[in-house]
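Each chain, letter by letter, is given below.
2 protein chains.
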Amino acid sequence: MSEIQASSYDTVQCQTLRIPDTSKPRVVIIGGGFAGVHIARGLAKSPVQVVMIDRYNYHTFQPLLYQVATSGLEPDSIAAPLRKMLESQSNFHFRMATVTQIDTEEQRIIASIGSLRYDYLVLANGSKTNFYGNESIRQKSFPLKQLPQALDLRHHILSSLEQAILSSSIEEQDRLMSFVVVGGGPTGVEVAGALGELKLHVLPKDYPELDLRRMRIHLVEGTDSLLNGMSAASGEEAVKYLERFSVQVWLNTLVSDYNDDVVYLNNGTTIDAHTLIWGAGVMGNLIEGLNPASIFRNNRVKIDAYGKVEGYDNIFAAGDIAALVTEEYPQGHPMVAPVAIQQGQLLAKNLKKIVENKQELGAFVYKDKGSMATVGRNRAVVDLTDKIHFKGVFAWFVWLFVHLMAIVGFRSKLVVLTNWIWNYLTYDRAARLIIRPFVDVKNERRAEE
Amino acid sequence: MSEIQASSYDTVQCQTLRIPDTSKPRVVIIGGGFAGVHIARGLAKSPVQVVMIDRYNYHTFQPLLYQVATSGLEPDSIAAPLRKMLESQSNFHFRMATVTQIDTEEQRIIASIGSLRYDYLVLANGSKTNFYGNESIRQKSFPLKQLPQALDLRHHILSSLEQAILSSSIEEQDRLMSFVVVGGGPTGVEVAGALGELKLHVLPKDYPELDLRRMRIHLVEGTDSLLNGMSAASGEEAVKYLERFSVQVWLNTLVSDYNDDVVYLNNGTTIDAHTLIWGAGVMGNLIEGLNPASIFRNNRVKIDAYGKVEGYDNIFAAGDIAALVTEEYPQGHPMVAPVAIQQGQLLAKNLKKIVENKQELGAFVYKDKGSMATVGRNRAVVDLTDKIHFKGVFAWFVWLFVHLMAIVGFRSKLVVLTNWIWNYLTYDRAARLIIRPFVDVKNERRAEE
Chain A
5 MSEIQASSYD TVQCQTLRIP DTSKPRVVII GGGFAGVHIA RGLAKSPVQV VMIDRYNYHT
65 FQPLLYQVAT SGLEPDSIAA PLRKMLESQS NFHFRMATVT QIDTEEQRII ASIGSLRYDY
125 LVLANGSKTN FYGNESIRQK SFPLKQLPQA LDLRHHILSS LEQAILSSSI EEQDRLMSFV
185 VVGGGPTGVE VAGALGELKL HVLPKDYPEL DLRRMRIHLV EGTDSLLNGM SAASGEEAVK
245 YLERFSVQVW LNTLVSDYND DVVYLNNGTT IDAHTLIWGA GVMGNLIEGL NPASIFRNNR
305 VKIDAYGKVE GYDNIFAAGD IAALVTEEYP QGHPMVAPVA IQQGQLLAKN LKKIVENKQE
365 LGAFVYKDKG SMATVGRNRA VVDLTDKIHF KGVFAWFVWL FVHLMAIVGF RSKLVVLTNW
425 IWNYLTYDRA ARLIIRPFVD VKNERRAEE
Chain B
5 MSEIQASSYD TVQCQTLRIP DTSKPRVVII GGGFAGVHIA RGLAKSPVQV VMIDRYNYHT
65 FQPLLYQVAT SGLEPDSIAA PLRKMLESQS NFHFRMATVT QIDTEEQRII ASIGSLRYDY
125 LVLANGSKTN FYGNESIRQK SFPLKQLPQA LDLRHHILSS LEQAILSSSI EEQDRLMSFV
185 VVGGGPTGVE VAGALGELKL HVLPKDYPEL DLRRMRIHLV EGTDSLLNGM SAASGEEAVK
245 YLERFSVQVW LNTLVSDYND DVVYLNNGTT IDAHTLIWGA GVMGNLIEGL NPASIFRNNR
305 VKIDAYGKVE GYDNIFAAGD IAALVTEEYP QGHPMVAPVA IQQGQLLAKN LKKIVENKQE
365 LGAFVYKDKG SMATVGRNRA VVDLTDKIHF KGVFAWFVWL FVHLMAIVGF RSKLVVLTNW
425 IWNYLTYDRA ARLIIRPFVD VKNERRAEE
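Protein sequences, first through last, are from chains A and B. If you count the first sequence from 1, position 421 lands on 425 in the numbering used here, and the numbers rise without skipping. If you count the second sequence from 1, position 368 lands on 372 in the numbering used here, and the numbers rise without skipping.
Incorrect hints may have been included.
Computed list of lysine-lysine pairs in DSS-like fashion (alpha-carbon distance at most 27 Å, straight line) [what the hints assert, rightly or not]: (1) K312/B / K209/A; (2) K417/A / K417/B; (3) K446/B / K88/A; (4) K356/A / K209/B; (5) K306/B / K88/B; (6) K209/B / K88/A; (7) K391/B / K209/A; (8) K88/A / K28/B; (9) K88/B / K446/A; (10) K49/B / K417/A; (11) K209/B / K28/A; (12) K49/B / K362/B; (13) K244/B / K209/A; (14) K312/B / K244/B; (15) K312/A / K244/A; (16) K446/A / K446/B; (17) K209/A / K446/B; (18) K391/B / K306/B; (19) K312/B / K49/B; (20) K49/A / K353/A; (21) K209/A / K371/B.
Listing some non-contacts, in silico: residues in chain B with all C-beta distances to chain A over 10 Å [what the hints assert, rightly or not]: (22) K362; (23) T389; (24) A434.
In short, the hints are calculated from the structure, not lab data. Glycine included, every Cβ here is placed at the ideal spot set by N, Cα and C.
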């Protein structure tokens, strides 16, 4: 049996990436995020071979990364193995690799583990943190886009407190207990809120020898409001909520540099802080090889309403990497999960029609189901439409319910629910583990961007 | 408040490790394992200051490490933050550090973060993996004593399969799918059984392109039976159970070397294997500075029946590091959790009496409550006494129940139970995550021993 298996593989020189050779057209999907998974699923019954390539062997539920970073959840709650998610789909093949280049002439992608020919290529490889060219910030701050980064941040937060308790210098203690969060979007607001909860409820019990009232949390936002993209009322409410956790909110302020544990703001202020959490922006995770004319601003690729990348007939894109410019969205659609899911679902349908030579592809229209953010226990803001928005305990329950339902898999839902109920009742955070204390994550960075 | 706090610290030069200075005698406990935690708890109401030092900020429930290594559980299920475990105890202080030396003349310990004077010193720092001097095995095999090691092994097992699916060489695939477990104690038996379950139930669904029947699991044991320390019947049953998972059991066999993915056995056989799991022995985690006359074989320290280290009046030991030689146990007691717990509980009582100048210390008598091991679903062996032993489904339930009850904390119990029920019903293992795919754990080892 094994020999038959082996010989059925296409092992020509330019194709060291072994995939069974079939007569069906091959759809290569780069990325197993919200867009990629929905495209693959949508192609389950299509006469195509689906190959997904991702750097990680799991799908990450990014909206809850901040809870991993603040010791509330463990990785298995928000990460689902991609092979498991799609194992019932017989035309699906997964390969763990980083794609480094697209060769549009030869119709192949080049990855760390070899190259692979495609009939149709789908870019669903999302976005990465934008450090706006500041190398020092890139090296010393903590972004929060990937699971290893969340674990690095958890490690660093807890290690900083262990260091603080050893210090006899008040100044050094203050620096170690100072946290600057950059970016007033949902990630920044939620991580600042979670730090506020740690400060109020969890850490004082762990560190009776430290005066946790001296712990400082700053949230720095460049525009004049938090949660841009949500209603003004929600943004204002978020400021109020955060201030109750004694988070200091800096609006209309930019971080210009970060060196030797000093954060430089563009208003001339400096903040001593051992921890800088960077949630100030993302950009498309662009892969080399596309025609520059197909690239939109912010490293995204231009797509038409059907998901096709401008200038190519067999390259498509969906999710954060894709920019569909419409009258309503002149900058492309927001880089959020619902857009990725809806674009992925539509693109799967369109690809099926293309392969089957059917006409009338579907055009993308974003159904905005509203947005929400939470700021610690019992506090959230929800915008359902332009006019309907609410806040407080009920909004918080809505936030919990919507996120719980969106988590992949019944087991993960149960584990997350158990942890949430526990955390709520006991004011505890169970996963405050410094798994690898011998590693200095700030200077010996583990995760790639 | 902060100034008062700071000035109350004893900051003499030789004591950079800041601990509040009190008039009470200071008990320094090295290690937060089963022994250390029970000693600290037992001293809750004693007129002493308790300082615990551990390299990790968590207590590890070692009996379930193998389930983390085989993707069944996440770390938070079996690791409990030490500060949390002892937070209600006002005389307790924790410092995360590695102790490098004991200075018995000056009565202080020297750690990575400074030194600290003690009135009473308790060695509860357990054991570490014994590689019997083989440097190549030390560098390339996977021990299973600490949580980071379990995560390294999980990463390596899953990465090996991702590599195998990329290979077009049958030989290379076989090498990548070959696992050699060394040591027929509970750890070796349980990890081999768990690998057998992965092979039978989990991996074929994940890797339909691989012929998992070619995955090979070997268990190598130096003596003529498995589970030494348990009854002969249980050892024989374990062999039968493992063989049903097509685990090849090698008795009376030693591993003599490991190089370039080749395992050399002392009977002249070689096994190609990308993964060597080393559970062949442990030795005391000895710290420099004790009088050589106080050292027993296998790097343990000699203690008397009251827990005192031979040759010292104010140094004590409990758990794996301590060897109490009796007629029944001429090699010292077995290095297992129940001994550590019982010795810890007794030592706390004795220390309290010593501090209060009471007479009649308690002498240690080990109450052996039996032992057990599991080999995959529905299969376990339990020895209650020399004469009462049972096996099969009921034994398996007993194993599950005893381990579930022993896990620290109600939340962890719930999460473990949820995962166990899920794993049982679905034949799934949820945590098969290669969190940091860019790290080659085999050649870039993360965990310290």
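Comparing the hints with the structure gives:
1. Of the pairs offered as hints, the one joining K312/B and K209/A is violated, with about 33 Å between alpha carbons and a cut-off of 27 Å exceeded.
2. Taken as a hint, the K417/A and K417/B pair is honoured in the structure, with Cα atoms around 17 Å apart against an allowance of 27 Å.
3. A hinted pair counts as satisfied when its Cα atoms are at most 27 Å apart, and K446/B with K88/A qualifies at roughly 25 Å.
4. With a C-alpha separation of about 26 Å, the suggested pairing of K356/A with K209/B holds against the 27 Å cut-off.
5. A threshold of 27 Å between alpha carbons decides the hint, and for K306/B with K88/B the separation of about 32 Å lies outside it, so the pair is violated.
6. At most 27 Å may separate the alpha-carbon atoms for a hinted pair to count; K209/B and K88/A meet this at roughly 8 Å.
7. For a cut-off of 27 Å, the pair hint linking K391/B to K209/A is broken: about 48 Å separates their Cα positions.
8. Distance restraint check for K88/A and K28/B: the Cα-Cα separation of roughly 57 Å exceeds the 27 Å cut-off, and the hinted pair is therefore not satisfied.
9. Restraint check for K88/B and K446/A: the C-alpha separation of about 25 Å stays at or below 27 Å, so the hint holds.
10. Between K49/B and K417/A the CA atoms are separated by roughly 41 Å; this puts the pair beyond 27 Å, and the hint is violated.
11. A threshold of 27 Å between alpha carbons decides the hint, and for K209/B with K28/A the separation of about 23 Å falls inside it, so the pair holds.
12. Taking the CA atoms of K49/B and K362/B, the gap is near 16 Å; set against the 27 Å cutoff, the hint holds.
13. At roughly 50 Å between alpha-carbon atoms, K244/B and K209/A are farther apart than 27 Å, so this suggested pair is violated.
14. The suggested pairing of K312/B with K244/B is violated, with an alpha-carbon distance near 43 Å, which exceeds 27 Å.
15. Of the supplied pair hints, the one linking K312/A and K244/A is violated, its CA atoms being roughly 43 Å apart against a limit of 27 Å.
16. At most 27 Å may separate the alpha-carbon atoms for a hinted pair to count; K446/A and K446/B meet this at roughly 23 Å.
17. Of the pairs offered as hints, the one joining K209/A and K446/B is violated, with about 38 Å between alpha carbons and a cut-off of 27 Å exceeded.
18. For the suggested pair K391/B and K306/B, the alpha carbons sit about 31 Å apart, so the restraint of at most 27 Å is broken.
19. Our distance criterion of 27 Å between C-alpha atoms is met by K312/B and K49/B, whose separation comes to about 21 Å.
20. Taking the CA atoms of K49/A and K353/A, the gap is near 11 Å; set against the 27 Å cutoff, the hint holds.
21. Restraint check for K209/A and K371/B: the C-alpha separation of about 36 Å exceeds 27 Å, so the hint is violated.
22. With a least beta-carbon separation of about 30 Å from chain A, K362/B lies farther than 10 Å from that chain, consistent with its non-interface assignment.
23. With a minimum CB-CB distance of about 37 Å to chain A, T389/B clears the 10 Å threshold, and the non-interface call stands.
24. Distance to chain A contradicts A434/B as a non-interface residue, since its nearest Cβ pair spans about 5 Å, not more than 10 Å.
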